[in-house]
Amino acid sequence: MIKFNEEGGALSFTIRVVPRASKSVISGEHDGALKVRVAAPPVEGAANEEVTRLIARKFGVPTRAVEIVSGHTSKTKLIRVRGATAAHLLRIASAQQ
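Take the position in the sequence shown, starting the count at 1, then add 79; the result is the number in the numbering used here.
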């Protein structure tokens, strides 16, 4: 089960990023975090930008509504998505399993 916090019109949750994947996809859950595979390498913020675009697309929100709160240089990141709900997160995670 993915751990999340919903407050102030935003949803915060942890992701586990796998850079240099063959394609950018959300691939389910890993240790309480949403597992995100991105094609971009972890160089000069490229993987973070790809993560932001992918999360925004999956949640149907603008890219500016997605924020990496912590873990900018780590594979484990805390993400905040404004305008998203827990139901949306659970639907995305369950669709990938």
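Keep in mind the hints are simulated off the structure, nothing from the lab. Backbone N, C-alpha and C fix where the C-beta goes; we use that ideal spot for every residue, glycine too. Some hints here could point you the wrong way.
Straight-line Cα separation of at most 27 Å, DSSO-like style, residue types lysine-lysine; simulated pairs [to be verified]:
1) 114 / 154
2) 114 / 102
3) 154 / 82
Between beta-carbon pairs, the in silico distance windows are [stated by the list, open to error]:
4) 152 / 111: 26 to 32 Å
5) 174 / 85: 16 to 22 Å
6) 141 / 102: 18 to 24 Å
7) 97 / 146: 19 to 25 Å
8) 86 / 122: 19 to 25 Å
9) 166 / 120: 19 to 25 Å
10) 123 / 85: 28 to 34 Å
Going down the list of hints, with the structure as the test:
The straight-line distance between the Cα atoms of residue 114 and residue 154 is roughly 10 Å, inside the 27 Å bound, and the hint therefore holds. Taking the CA atoms of residue 114 and residue 102, the gap is near 13 Å; set against the 27 Å cutoff, the hint holds. Between residue 154 and residue 82 the CA atoms are separated by roughly 17 Å; this keeps the pair inside 27 Å, and the hint holds. Restraint check, residue 152 to residue 111: a C-beta distance of roughly 21 Å breaks the suggested window 26 to 32 Å.
Between residue 174 and residue 85 the Cβ separation comes to about 19 Å, which falls inside the hinted range of 16 to 22 Å. Evaluation of the 18 to 24 Å hint for residue 141 and residue 102 yields a pass: the beta carbon distance comes to about 23 Å. The given range of 19 to 25 Å is respected by residue 97 and residue 146, whose C-beta atoms sit roughly 21 Å from each other. With their beta carbons about 34 Å apart, residue 86 and residue 122 fall outside the hinted range of 19 to 25 Å.
For the hinted restraint 19 to 25 Å between residue 166 and residue 120, the CB-CB distance of approximately 33 Å leaves it violated. For the pair residue 123 and residue 85, the beta carbons lie near 32 Å from each other, so the given range of 28 to 34 Å is met.
Checked against the numbered hints above, the structure violates hints 4, 8 and 9; every other hint is satisfied.
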